[in-house]
Amino acid sequence: MSMLDKNPYTEMLGIMRRVGGEGAPLSTGAVIGKVQSVTPKLKVTVKTKTGSLTLEPEDLKINAALKAGYQRTMSFPAAEASGGVTLTDFALEAGDELLMFPSADGQIYYIACVLEGI
Amino acid sequence: MKLFVAGMEITQLASKITTSGSKSECARTLTAEILQPADGRGVPTVPLEIGLPVVFSADGQNFTGEVTGLSKSTNASTITLTAKDLGYRLTLDANKVTTKITKLTPQAAAAQLASSKGVPVGDLAACNTQFSRKFADVKLYDAIMAGYILDSEQTGKKYYLIMDGTNMCIRERGKVVATTIEAKVNLIVASFSETINNKGETERKGTIQNLGNAKCITGNAVKVVEPYTGMVGLFYIDSDTHTWQNGIYTNKLTLAWENTMASTKAAGTAGGSGRSSGDSGSTDDGTALNTWIGPDGTIHKFGE
Numbered sequence: 160m161s162m163l164d165k166n167p168y169t170e171m172l173g174i175m176r177r178v179g180g181e182g183a184p185l186s187t188g189a190v191i192g193k194v195q196s197v198t199p200k201l202k203v204t205v206k207t208k209t210g211s212l213t214l215e216p217e218d219l220k221i222n223a224a225l226k227a228g229y230q231r232t233m234s235f236p237a238a239e240a241s242g243g244v245t246l247t248d249f250a251l252e253a254g255d256e257l258l259m260f261p262s263a264d265g266q267i268y269y270i271a272c273v274l275e276g277i
Numbered sequence: 003m004k005l006f007v008a009g010m011e012i013t014q015l016a017s018k019i020t021t022s023g024s025k026s027e028c029a030r031t032l033t034a035e036i037l038q039p040a041d042g043r044g045v046p047t048v049p050l051e052i053g054l055p056v057v058f059s060a061d062g063q064n065f066t067g068e069v070t071g072l073s074k075s076t077n078a079s080t081i082t083l084t085a086k087d088l089g090y091r092l093t094l095d096a097n098k099v100t101t102k103i104t105k106l107t108p109q110a111a112a113a114q115l116a117s118s119k120g121v122p123v124g125d126l127a128a129c130n131t132q133f134s135r136k137f138a139d140v141k142l143y144d145a146i147m148a149g150y151i152l153d154s155e156q157t158g159k160k161y162y163l164i165m166d167g168t169n170m171c172i173r174e175r176g177k178v179v180a181t182t183i184e185a186k187v188n189l190i191v192a193s194f195s196e197t198i199n200n201k202g203e204t205e206r207k208g209t210i211q212n213l214g215n216a217k218c219i220t221g222n223a224v225k226v227v228e229p230y231t232g233m234v235g236l237f238y239i240d241s242d243t244h245t246w247q248n249g250i251y252t253n254k255l256t257l258a259w260e261n262t263m264a265s266t267k268a269a270g271t272a273g274g275s276g277r278s279s280g281d282s283g284s285t286d287d288g289t290a291l292n293t294w295i296g297p298d299g300t301i302h303k304f305g306e
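Chains A and B are the protein sequences, given in the same order.
Under the numbering used here, the first residue of the first sequence carries the number 160, and numbering increases by one thereafter.
Under the numbering used here, the first residue of the second sequence carries the number 3, and numbering increases by one thereafter.
Chain B extracted, bound-state conformation (with noise of 0.2 Å):
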């Protein structure tokens, strides 16, 4: 396990660290519980500010991107760190973007917004169908989720936003089916509820916990064996958490039967606002968007 922040290495003084990522946040989330007393004594002190390039990597799992929250008290001896990934800029005002698109596929118009704002992209789902839209003051990425939005509702995919390091990627929801859980192999705790909402439809809810997979994150799917409760078969992962600590890797995953992804305004469907940045501590201004952080959280231009 190594996390870097501004290119300083501090695993060793992180008692915990999480990542996270929900359907509803096109940003992934680490917190990071860093030993920092506050008399200052025993520890090295580490200079901690918004805005600082974070770097994380542990059991196949990778996170790239910067501090969006400091959080400090006299009655602990952690300062409590939290990072998005580059997706959360994706959704700040500054990165808004007023275009026009003509018979475009939903990657090409990705790739042409993202390439607006200096954003590298990685892989981008491929579909067939064709979109035309006028975005005005749209949120980056409601712009860029647009295309695969309308592609959604004529083939059925579902797709959603990832970051790779710095590169943006659109993948198929549920496409990759990341490991089996299953009792006395590697699940922890399986929880499952059933209730009637306002509308008379019933409602699940499964919740897992099962010894840490990095690929068991948001988008993906995972089967589950686990008769008493019921939950057999696939399943989506609406939000996952992944934990480290005392040595120990495990996940906590929100689990839907059903494959849904996020709608947003600028698609012109009906829906919520679709998904977020979350809670970030915005500092950046987002116009570093070309900017990447290397492997050892120190920051580069592109074309570096």
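Just chain A, with the same shape it has in the complex (with noise of 0.2 Å):
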């Protein structure tokens, strides 16, 4: 399988059509969340114009490349070599900025990845 084949934006980009339905509009425009924790749970938080809305695992999909465990495989020809890589940390701590996509519907948040300043 080449990498392309795995793409962690593609998989994604199924689940939110999956979620949404097919045909369906996938988001109503992107924000920005933060995580307020990780253990024993993660939560994130949007801030709207008239609040703010905690999100909890069960209103979350995440990316899967941001996940611990995450497989991926590489090859390096110079070297002759390929094998798997696992991810074996989870890549959000508490304080990270995320680009954040909600379903048509509000009702489910896609976490897209971490942001950080240049």
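If you're looking for bench data, these hints aren't it; they were derived computationally from the structure.
Note that the Cβ used here is the ideal one computed from N, Cα and C, for glycine as well.
Just to be clear, a hint being listed does not mean it is correct.
In silico lysine-lysine, DSBU-like type, Cα no more than 35 Å apart, as pairs [claimed, not checked]: (1) B:Lys-201 x B:Lys-186; (2) B:Lys-105 x A:Lys-200; (3) A:Lys-208 x B:Lys-225; (4) B:Lys-74 x A:Lys-206; (5) B:Lys-177 x A:Lys-200; (6) B:Lys-177 x B:Lys-225; (7) B:Lys-201 x A:Lys-220; (8) B:Lys-102 x B:Lys-74.
Cβ-to-Cβ under 10 Å is the rule here; a few derived chain A residues that face chain B [claimed, not checked]: (9) Ile-191; (10) Lys-193; (11) Val-194; (12) Pro-199; (13) Lys-206; (14) Ser-211; (15) Thr-213; (16) Tyr-229; (17) Gln-266.
Work from the hints to combine the two standalone chains into their complex.
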């Protein structure tokens, strides 16, 4: 399987389509979330014009590449080597800023990636 | 009949008053033609302004709201006053909410949401279903009705929001049968039409004009006995207009054969944007929901 075959963003798009329904609008626009806690369970807050929502795992879908245990295959042609890579840590930490998209009905929030300054 | 604006009774200056409601609007509307000649002679001047409280009662119908529109012209001796009941505030941008409802009945969620904006509640239809929902910058009306729409999908019951004075109420649509309307008793005119729409379906439309009955309001049902138009049976009121003019009180009703309710995007159901506040001229910043209007049109804070 090539790297493109398991692009996490493509996978995420698939999840969004499955949740929203084929042909349904994927999202009503990107929002910025902030990780409040990772353990015992992930909590992310999203600020709106009129308040803030605290989102918990049942409200969230996450980019698979951010999760511990995510596996990819890699090859190193120069070394004529290839093998599997397994991520061992959860990519999110309290305080992280996240790029997120709500589902069309606003009931599921998709975590796309972690944002950092340049 | 009594009409007050900001505590001042102006009943004698009103040549025509109507109240109206429709399934597509969550607020009822009052319009009044107020005698105010351009030269100002002959009648007391009424200081009319947008936002002033309006209280009206006649023949068993009561209205509590505020002025949302005024229009006048030099070629007319009257000012047309438009007022909305306080239901219109539920759709203002200033009253949008962000909150999470977790496993509550629709009535408990409605009470919680209303309380968060200082809206007093009256009777709320009791449901046995529970729901969980997130609302991010959602209009208060849409959030309040979301649970009831979800309940409706499971139970088939239909609901509507109506203001009783300053209290927000949610009732089951069609549960109250206002009256029986029949020829030679209380019917003035019955009209019926049917057409084929683009989908090849037959659409029926019925309107009734009848002697005034305060209970003939949107959300209630009426029985009609009018054999010529074929309008015989139980009908649901989709819109209503009550008119008081020249001492005569009449109703005009748009009737539906099926019982349906407006949907909202907040419920995540298919359908349009649901009910609106109508064409109100909004002057309110939404923070005054914790006020009420007394029977004489004066404004009070809750808790006073």
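Checked hints:
Straight-line distance between C-alpha atoms of Lys-201 (chain B) and Lys-186 (chain B) comes to about 38 Å, which puts the hinted pair past the 35 Å bound. Taking the CA atoms of Lys-105 (chain B) and Lys-200 (chain A), the gap is about 20 Å. The hint holds against a cut of 35 Å. Using a Cα cut-off of 35 Å, the hinted pair Lys-208 (chain A) and Lys-225 (chain B) is violated, with the two alpha carbons roughly 47 Å apart. For the suggested pair Lys-74 (chain B) and Lys-206 (chain A), the alpha carbons sit about 45 Å apart, so the restraint of at most 35 Å is broken.
For the proposed pair Lys-177 (chain B) and Lys-200 (chain A), the alpha carbon gap of about 46 Å is over 35 Å, so the pair is violated. Among the hinted pairs, Lys-177 (chain B) with Lys-225 (chain B) is consistent with the structure: their alpha-carbon atoms are about 12 Å apart, no more than 35 Å. With a C-alpha separation of about 39 Å, the suggested pairing of Lys-201 (chain B) with Lys-220 (chain A) is violated against the 35 Å cut-off. Among the hinted pairs, Lys-102 (chain B) with Lys-74 (chain B) is inconsistent with the structure: their alpha-carbon atoms are about 46 Å apart, more than 35 Å.
A least Cβ separation of about 13 Å between Ile-191 (chain A) and chain B goes past the 10 Å threshold, and the interface hint is therefore violated. Taking 10 Å as the C-beta cut-off, the interface hint given for Lys-193 (chain A) is violated, the closest approach to chain B being about 15 Å. The beta carbon of Val-194 (chain A) comes no nearer than 18 Å to any beta carbon in chain B, farther than 10 Å, and the hint placing it at the interface is violated. With 10 Å as the threshold, the beta carbon of Pro-199 (chain A) stays out of range of chain B, its nearest partner Cβ sitting at about 18 Å, so the hint is violated.
Interface hint status for Lys-206 (chain A): upheld, as the beta-carbon distance to the closest one in chain B is roughly 9 Å, under 10 Å. Among the interface hints, the one on Ser-211 (chain A) holds; its C-beta lies about 6 Å from the nearest C-beta in chain B, closer than the 10 Å criterion. Because the beta carbon of Thr-213 (chain A) sits about 7 Å from the nearest beta carbon in chain B, less than 10 Å, this interface hint is met. This hint is violated: Tyr-229 (chain A) has a C-beta 27 Å from the nearest C-beta of chain B, more than the 10 Å allowed.
Hint status for Gln-266 (chain A) relative to chain B: holds, with the closest Cβ pair at about 6 Å, below 10 Å.
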